[in-house]
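Chemist: If you read the protein sequences in the order shown, they are chains Y and Z. My numbering numbers the first residue of the first sequence as 2 and each following residue consecutively. My numbering numbers the first residue of the second sequence as 2 and each following residue consecutively.
No lab work stands behind these hints, which were simulated from the structure alone. All of these numbers come straight from a predicted model, not from anything done at the bench. Any given hint could turn out to be false.
Claimed, not checked - Restraint ranges, calculated between C-beta atoms of paired labels, are given here:
1) Y:PHE395 / Z:VAL240: 20 to 30 angstroms
2) Z:TYR673 / Y:GLU453: 29 to 39 angstroms
3) Z:ASN615 / Y:GLN258: 44 to 54 angstroms
4) Y:LYS484 / Z:ASP138: 23 to 33 angstroms
5) Z:GLN13 / Y:GLN258: 52 to 62 angstroms
6) Z:ASN615 / Y:LYS303: 48 to 58 angstroms
Claimed, not checked - In the SDA-like style, the derived pairs of lysine to any residue whose C-alpha atoms are separated by at most 25 angstroms in a straight line are:
7) Y:LYS251 / Z:ASP282
8) Y:LYS454 / Z:HIS505
9) Y:LYS202 / Z:SER498
10) Y:LYS202 / Y:ILE236
11) Z:LYS454 / Y:ILE239
12) Z:LYS251 / Y:ALA256
13) Y:LYS158 / Z:SER399
14) Z:LYS134 / Z:ASP155
15) Y:LYS156 / Y:SER172
16) Z:LYS202 / Y:GLY304
17) Z:LYS610 / Z:HIS505
18) Z:LYS45 / Y:PHE395
19) Y:LYS143 / Y:GLY218
20) Y:LYS202 / Z:ASP9
21) Z:LYS303 / Y:ALA256
22) Z:LYS454 / Y:LEU146
23) Y:LYS462 / Y:LEU65
24) Z:LYS454 / Y:GLN488
25) Y:LYS251 / Z:PRO664
26) Y:LYS134 / Y:THR103
27) Z:LYS238 / Z:GLU137
28) Z:LYS303 / Z:ASP155
29) Z:LYS454 / Y:GLN516
30) Z:LYS303 / Z:LYS530
31) Y:LYS45 / Z:PHE395
32) Z:LYS158 / Y:PHE395
33) Z:LYS530 / Y:LYS156
34) Y:LYS303 / Z:GLN258
35) Y:LYS484 / Y:LEU65
36) Z:LYS586 / Z:GLN516
37) Z:LYS171 / Y:GLN511
38) Z:LYS45 / Z:GLU137
No residue lacks a Cβ here, since even glycine has one placed at the ideal position from N, Cα and C.
Protein chains: 2
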Amino acid sequence: HPPEGKHDTRSQVFADLSPEEYTRVRDYLLSVEELDLTSDALAKPSQNFLFLIDLSLPKKQHALSYLDADGAKPVREATAVVFGGARGLVSEYAVGPLPHPTYHRDVTVERYGTEIPITARTVTLGEYVLLFKCIEDQVFSKLGLLLKESFDVDKDKQLNAFEQMPRGVKSGDRLTWVSYFRSMSGMYIHPVGLEVLIDHKSLNASLWTVERLLYNGQYFDSAEELRTRYEAGDIRKIVYVETSDYGSLKPRRRALQVGPQQHYAEGRRFSVHSNQVLYLDWSFAFGLSAVTGMRVFDVRFKGERIAYELSVQEAMSVYGSVTPGLALTKFLDSSIGVGRFAHELTRGVDCPYTATYVTTHRYIDVAAPTRFLNSICVFEHNMGQPLRRHFSDFFSNSYGGLVNSALVFRTITAIGNYDYMWDFIFYQNGAVEAKVHATGYMSTSYLVDGNEKYGHQVAPKVLGNIHTHFVNFKVDLDVLGVKNVFQTKDMAYVNVSMPWNPEHHAMIPQLVEQQLNTEQEAALRYGTKTPRYLHIASQELNRWGHQRSYRLQVTTFAGDPLPESQPEERSMSWARYKVAITRHKDREQTSSSLYSQNNIWSPAVDFSKYIQDNESIDNEDLVAWVTTGFLHIPHAEDVPNTVTVGNGGGVILRPHNYFDEDPSVHSPDAVYIQPG
Amino acid sequence: HPPEGKHDTRSQVFADLSPEEYTRVRDYLLSVEELDLTSDALAKPSQNFLFLIDLSLPKKQHALSYLDADGAKPVREATAVVFGGARGLVSEYAVGPLPHPTYHRDVTVERYGTEIPITARTVTLGEYVLLFKCIEDQVFSKLGLLLKESFDVDKDKQLNAFEQMPRGVKSGDRLTWVSYFRSMSGMYIHPVGLEVLIDHKSLNASLWTVERLLYNGQYFDSAEELRTRYEAGDIRKIVYVETSDYGSLKPRRRALQVGPQQHYAEGRRFSVHSNQVLYLDWSFAFGLSAVTGMRVFDVRFKGERIAYELSVQEAMSVYGSVTPGLALTKFLDSSIGVGRFAHELTRGVDCPYTATYVTTHRYIDVAAPTRFLNSICVFEHNMGQPLRRHFSDFFSNSYGGLVNSALVFRTITAIGNYDYMWDFIFYQNGAVEAKVHATGYMSTSYLVDGNEKYGHQVAPKVLGNIHTHFVNFKVDLDVLGVKNVFQTKDMAYVNVSMPWNPEHHAMIPQLVEQQLNTEQEAALRYGTKTPRYLHIASQELNRWGHQRSYRLQVTTFAGDPLPESQPEERSMSWARYKVAITRHKDREQTSSSLYSQNNIWSPAVDFSKYIQDNESIDNEDLVAWVTTGFLHIPHAEDVPNTVTVGNGGGVILRPHNYFDEDPSVHSPDAVYIQPG
Ligand SMILES: [Ca+2]
Ligand SMILES: [Ca+2]
Ligand SMILES: [Ca+2]
Ligand SMILES: [Ca+2]
Ligand SMILES: [Cu+2]
Ligand SMILES: [Cu+2]
């Protein structure tokens with residue numbers, strides 16, 4: 002039984018670029034002489050490096066006209082990001098038309114309202130090579146004895162680096178604390194107690210300088226000073242001690258019999274073709290931006306569009322430490338690339354054996370497009386519980402129920418230490434869930450005096466540092482078209498007299514409904530009491546006279562967002578709000594940007610500006626920006642890896658008076674039992 | 002491969018009574034002449050009716066001595082509840098020793114500190130028969146024409162009844178509004194607009210009186226008044242209109258191919274014997290109280306007890322309506338019996354086909370013990386995601402992960418309209434989750450003027466009434482023995498100067514730890530800011546010097562608890578607190594009671610009294626009482642049934658510095674991949 006729907010090639014307006022398209026865009030741009038580009042993966046900061054090629058999303062209005070009204074197919078364009086070392090600016094170009102580009106247009110100012118300084122760029126592989134060489138020359142080559150005695154480092158055994166971000170304390174800085182870790186499995190939980198501050202702002206690497214060093218909790222202005230004092234013996238030394246391989250993920254026990262597995266006894270009930278998925282009553286297009294990650298478009302249930310876009314926007318963490326490697330650290334992962342690290346998924350662990358795996362291609366910080374085999378998985382999963390059921394033995398005897406089988410669309414992005422598991426789940430009752438879980442290695446620091454108040458010790462001389470996880474999803478629901486309102490519902494106890502006994506008063510819960518009409522009213526801050534039910538609603542009514550709506554139900558265990566007094570906060574201002582509603586704009590495509598991490602004080606995108614103009618959201622195309630996350634106080638059980646259980650959050654988009662009854666009554670899986 | 006552990010018959014101190022034991026307790030009590038009991042299932046209120054026989058839990062100290070210290074096996078006793086109509090009191094007896102009882106002891110005052118008035122008793126089947134007959138005689142027999150014209154009721158077609166609770170407005174009342182529904186599938190969502198108030202306080206049913214009637218939103222003092230005015234035509238009439246069978250759960254579509262199913266390719270990895278479950282590193286005993294429902298005891302991981310008891314305590318709902326049938330309604334399900342309604346589970350819907358099903362027996366409101374076939378299910382489930390994983394391609398290339406297969410222990414209790422799904426889930430990282438989801442039919446009322454502010458219309462003339470779901474779990478963690486403390490952890494931003502750059506200040510998150518030392522400090526109210534991490538901790542330290550603890554992570558979408566100004570609130574005072582910690586007492590076995598619903602104003606158990614004495618909880622045996630739930634604003638998609646997705650809550654008990662590392666590293670399911 003194939004799915005009843007048919008695949009539709011129009012989904013491809015949302016498709017990521019093919020390897021051929023990436024190559025053609027690259028070759029076209031390289032052919033434009035005045036751009037003077039290089040695509041050398043080890044390009045120097047002073048060169049104009051073609052860093053990224055990614056799909057440029059069509060304007061929503063054009064896409065809708067094409068999808069819904071037989072409008073023209075939107076011109077397909079790529080976004081190309083050039084780190085223009087020679088010009089001192091980062092530039093974004095729209096390149097088109099695909100698949101055979103003939104033009105390019107600098108869209109930087111159009112998109113961000115400002116130029117992007119070159120210091121805002123992501124650190125490339127080319128720059129990393131120079132950075133490590135600089136530290137080798139200016140530090141490691143001068144500290145042979147210390148490195149050997151403290152860390153057992155020699156020619157055959159090196160330390161591994163992990164960096165602090167942001168890189169400095171003010172716009173224009175490119176001043177990075179690099180922390181060192183043992184070269185072992187899970188290096189992130191093997192800090193050695195050595196950190197180096199390097200100023201790599203200059204586009205000429207020969208001008209880079211080591212500014213400070215931290216060794217065993219003690220600061221030094223130069224490698225020479227550290228060496229001299231180390232050799233003089235007037236500092237507290239670290240004496241190398243072998244540690245157990247506690248970060249290893251190797252099995253420590255023989256396998257027993259295999260655990261439970263799912264199977265499709267009668268075949269798949271979903272179909273993946275090109276970038277479109279069909280599943281029972283559902284259909285959607287999908288893509289995977291190297292920058293922001295997984296996203297779906299044109300999500301339809303029973304043929305009706307529920308959401309235009311549902312996408313990952315950003316994963317952010319704020320750390321605490323006394324050591325510089327994590328003290329000021331605020332990771333904004335989309336500046337490195339969330340989708341960039343969607344690697345191959347392991348069958349039977351990351352997704353079931355029977356999942357359908359999709360191979361993706363990306364072009365980021367490379368010389369040619371890269372293939373990521375089986376980096377998306379799609380599967381139907383039996384959740385092991387009923388979606389609904391009722392057993393009756395009062396007055397009548399019967400049983401009716403429906404097992405909860407749902408479609409899961411997943412990527413897992415291993416962004417350095419952490420692995421984020423991203424799930425969009427499509428249920429048979431018309432609900433969609435977006436979830437994120439964190440696993441992988443936490444970031445740690447070497448345990449020195451004063452660091453106890455920033456976390457818990459988790460291994461010998463290792464502190465697991467306190468941090469927050471904040472994740473932002475873009476939820477562009479279109480409830481019966483783009484013109485929607487934002488409604489809230491909640492309860493309130495009201496003292497009322499009983500109609501049949503008017504002297505008797507009692508506090509009775511009543512329904513409290515409100516429509517919030519401006520962006521600022523609809524920006525629901527963490528830490529404030531917000532209504533329990535949040536709805537994107539149409540003005541159209543269901544059969545019972547209620548506005549048809551989808552409800553956003555957010556599950557979050559988030560910590561406190563960074564205080565707004567901090568200059569870095571502007572780059573993460575989306576995290577203030579559990580839910581914020583904006584009027585849709587093509588120019589407000591993302592809540593964060595590729596340039597936020599390295600120019601965190603003056604970001605290309607400051608989400609709070611989307612709502613600063615306080616536009617009306619009454620009968621407009623609305624976008625909900627949902628922030629979830631959790632406070633992570635590390636503990637011994639985070640070694641070797643943080644587990645997914647309890648470490649996540651998400652949002653369920655649920656029909657609420659959208660239908661006239663639960664659409665799962667039409668599921669082919671319904672079961673009914675009656676006596677006789 | 003059988004589980005590595007061995008079953009232990011000592012678990013049976015927690016086992017529910019066998020059919021033979023129930024029968025022997027009944028027969029012993031019936032043989033005691035001075036008790037003058039009847040076990041007739043249709044006993045009259047004026048008789049002394051043996052309502053309930055249930056396991057009497059051993060004193061914890063005795064059980065621990067038996068389990069841990071080769072102490073004597075605790076004497077096995079039953080609790081018998083007698084509705085002593087002849088005496089005017091409810092009595093609880095301890096009956097023992099099982100399996101051959103020879104003594105009984107009235108323990109009512111010992112357990113509740115007070116006598117239990119007969120009006121506090123649950124309405125029995127015998128009383129229902131009398132109630133319906135009374136209404137037939139005093140109402141239905143007098144309203145033939147109205148019933149036919151308004152509801153198409155005649156000899157062959159009756160209405161079905163559903164009652165409001167509590168029964169009245171003050172202690173001693175037994176004054177019940179009975180609402181009427183069409184006799185159709187899912188009667189609960191087919192209200193007809195007729196409600197009857199009956200005073201059935203007298204133990205002599207011939208003295209019961211109908212006090213008021215509600216018909217189409219209009220009140221009448223008697224059936225005669227209603228008939229006279231109906232026939233005179235001076236009231237707003239309801240004219241019968243056939244309605245569609247929208248409450249039906251019958252499939253509306255042919256089955257397609259079967260959905261995904263789980264299987265154990267190499268057999269079960271868990272074992273259920275008697276009332277004990279073994280699963281990988283886990284073991285626990287289980288039981289199912291007719292009153293409170295599902296519970297597990299002596300929960301051990303790797304042989305160490307984590308929890309002495311984890312149990313369902315109460316499911317409560319507060320409704321809002323303008324109609325009396327739901328206006329004052331506050332359901333306290335354990336007064337009817339939560340476990341009582343743990344019926345047979347449907348394979349493939351309620352639990353997977355491959356689950357192990359356990360048959361249970363109960364004695365409640367019957368003449369002989371009842372068998373409930375396959376009413377508990379136990380299964381290992383592949384959650385379709387990794388429990389942990391990391392992919393590395395920086396510095397080294399490797400992948401390690403572990404699929405999240407966990408053991409689910411489940412009952413589903415269909416308490417009238419609602420079906421609550423109760424899950425205890427045992428994970429390979431040492432975490433246990435207690436979850437509840439609601440499904441089944443919501444309670445509704447006939448749509449009359451003024452009712453719109455109490456919910457949403459969901460069907461023709463049907464209002465889905467706003468209500469809260471609150472559920473209470475008892476979590477008696479014993480972390481390395483019974484002497485524990487209650488700790489909280491959270492984050493706070495602190496303005497600190499950077500050690501390497503003292504002029505630079507920044508707000509850095511720090512860890513804030515606190516020990517709460519008294520019951521009142523540790524009573525964490527809903528609606529207040531509570532610390533994000535809650536721990537039951539030992540004074541013993543793990544290898545890294547931190548107190549070994551289990552964390553309680555609560556997921557809840559609860560509405561507002563009933564204001565304390567309301568006299569009914571004392572029966573549900575546990576719902577004030579998201580988490581409350583008490584010192585363990587055998588006398589404080591439950592947070593609610595069988596007698597709370599019908600004497601809601603003066604309940605046998607008022608949880609808030611457990612903490613009123615504000616005892617020290619520093620190094621004591623602690624019990625956490627966890628309240629979760631959700632606000633339910635009904636919507637069209639609640640027809641026919643509320644879905645489980647998004648409609649639930651729970652608590653995860655997670656090791657936090659309990660171990661020295663994540664114990665799942667020892668799982669036999671671990672997978673590791675490295676190049677060549
Ligand atoms: Ca705006
Ligand atoms: Ca929209
Ligand atoms: Ca107390
Ligand atoms: Ca305890
Ligand atoms: Cu974390
Ligand atoms: Cu409900």
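Chemist: Taking the hints in turn, state whether each one holds.
Modeler: Each hint tested on the structure:
1. Roughly 28 angstroms separates the CB atoms of PHE395 of chain Y and VAL240 of chain Z, a value that falls within the hinted 20 to 30 angstroms.
2. A C-beta distance of roughly 33 angstroms is found between TYR673 of chain Z and GLU453 of chain Y, which places it inside the suggested range of 29 to 39 angstroms.
3. ASN615 of chain Z and GLN258 of chain Y have their C-beta atoms about 52 angstroms apart, which keeps the hinted 44 to 54 angstroms range intact.
4. Judged by the Cβ atoms, the range 23 to 33 angstroms given for LYS484 of chain Y and ASP138 of chain Z is violated: they are separated by roughly 58 angstroms.
5. For GLN13 of chain Z paired with GLN258 of chain Y, a C-beta distance near 28 angstroms fails the hint of 52 to 62 angstroms.
6. Take ASN615 of chain Z and LYS303 of chain Y: their Cβ atoms lie about 57 angstroms apart, and the range 48 to 58 angstroms holds.
7. Annotation: proposed proximity of LYS251 of chain Y to ASP282 of chain Z holds, straight-line Cα distance about 19 angstroms (limit 25 angstroms).
8. Restraint check for LYS454 of chain Y and HIS505 of chain Z: satisfied, since their Cα atoms lie roughly 20 angstroms apart, inside the 25 angstroms limit.
9. The suggested pairing of LYS202 of chain Y with SER498 of chain Z holds, with an alpha-carbon distance near 24 angstroms, which does not exceed 25 angstroms.
10. Of the supplied pair hints, the one linking LYS202 of chain Y and ILE236 of chain Y is violated, its CA atoms being roughly 31 angstroms apart against a limit of 25 angstroms.
11. For the proposed pair LYS454 of chain Z and ILE239 of chain Y, the alpha carbon gap of about 70 angstroms is over 25 angstroms, so the pair is violated.
12. This hinted pair does not check out: LYS251 of chain Z and ALA256 of chain Y have alpha carbons roughly 44 angstroms apart, beyond 25 angstroms.
13. With a C-alpha separation of about 19 angstroms, the suggested pairing of LYS158 of chain Y with SER399 of chain Z holds against the 25 angstroms cut-off.
14. In summary, the hint linking LYS134 of chain Z to ASP155 of chain Z is supported, as the alpha carbons are separated by about 16 angstroms, within the 25 angstroms threshold.
15. Simply put, LYS156 of chain Y and SER172 of chain Y have alpha-carbon atoms about 38 angstroms apart, too far for the 25 angstroms limit, and the pair is violated.
16. A hinted pair counts as satisfied when its Cα atoms are at most 25 angstroms apart, and LYS202 of chain Z with GLY304 of chain Y does not qualify at roughly 57 angstroms.
17. Proximity of LYS610 of chain Z to HIS505 of chain Z is assessed by CA-CA distance (about 52 angstroms); at most 25 angstroms being required, the pair is judged violated.
18. Taken as a hint, the LYS45 of chain Z and PHE395 of chain Y pair is honoured in the structure, with Cα atoms around 21 angstroms apart against an allowance of 25 angstroms.
19. This hinted pair checks out: LYS143 of chain Y and GLY218 of chain Y have alpha carbons roughly 20 angstroms apart, not beyond 25 angstroms.
20. Restraint check for LYS202 of chain Y and ASP9 of chain Z: the C-alpha separation of about 68 angstroms exceeds 25 angstroms, so the hint is violated.
21. With a C-alpha separation of about 17 angstroms, the suggested pair LYS303 of chain Z and ALA256 of chain Y falls inside the 25 angstroms cut-off, and the hint holds.
22. Annotation: proposed proximity of LYS454 of chain Z to LEU146 of chain Y is violated, straight-line Cα distance about 78 angstroms (limit 25 angstroms).
23. Note on LYS462 of chain Y and LEU65 of chain Y: the hinted pairing is violated, with a Cα-Cα distance of about 57 angstroms set against a maximum of 25 angstroms.
24. About 15 angstroms separates the Cα atoms of LYS454 of chain Z and GLN488 of chain Y, which keeps this hinted pair within 25 angstroms; it holds.
25. Distance hint between LYS251 of chain Y and PRO664 of chain Z is fulfilled; the C-alpha atoms sit about 13 angstroms from each other, no more than 25 angstroms.
26. A C-alpha spacing of about 40 angstroms is found between LYS134 of chain Y and THR103 of chain Y, which places the hinted pair above 25 angstroms, so the restraint is violated.
27. Note on LYS238 of chain Z and GLU137 of chain Z: the hinted pairing holds, with a Cα-Cα distance of about 21 angstroms set against a maximum of 25 angstroms.
28. Simply put, LYS303 of chain Z and ASP155 of chain Z have alpha-carbon atoms about 64 angstroms apart, too far for the 25 angstroms limit, and the pair is violated.
29. For the given pair, LYS454 of chain Z sits about 15 angstroms from GLN516 of chain Y by alpha-carbon distance, which is consistent with the 25 angstroms threshold.
30. Using a Cα cut-off of 25 angstroms, the hinted pair LYS303 of chain Z and LYS530 of chain Z is violated, with the two alpha carbons roughly 36 angstroms apart.
31. Simply put, LYS45 of chain Y and PHE395 of chain Z have alpha-carbon atoms about 21 angstroms apart, close enough for the 25 angstroms limit, and the pair holds.
32. Note on LYS158 of chain Z and PHE395 of chain Y: the hinted pairing holds, with a Cα-Cα distance of about 16 angstroms set against a maximum of 25 angstroms.
33. Between LYS530 of chain Z and LYS156 of chain Y the CA atoms are separated by roughly 54 angstroms; this puts the pair beyond 25 angstroms, and the hint is violated.
34. A hinted pair counts as satisfied when its Cα atoms are at most 25 angstroms apart, and LYS303 of chain Y with GLN258 of chain Z qualifies at roughly 19 angstroms.
35. For the given pair, LYS484 of chain Y sits about 13 angstroms from LEU65 of chain Y by alpha-carbon distance, which is consistent with the 25 angstroms threshold.
36. With a C-alpha separation of about 21 angstroms, the suggested pair LYS586 of chain Z and GLN516 of chain Z falls inside the 25 angstroms cut-off, and the hint holds.
37. Between LYS171 of chain Z and GLN511 of chain Y the alpha-carbon distance is near 23 angstroms, which keeps this suggested pair within the 25 angstroms criterion.
38. With a C-alpha separation of about 18 angstroms, the suggested pair LYS45 of chain Z and GLU137 of chain Z falls inside the 25 angstroms cut-off, and the hint holds.
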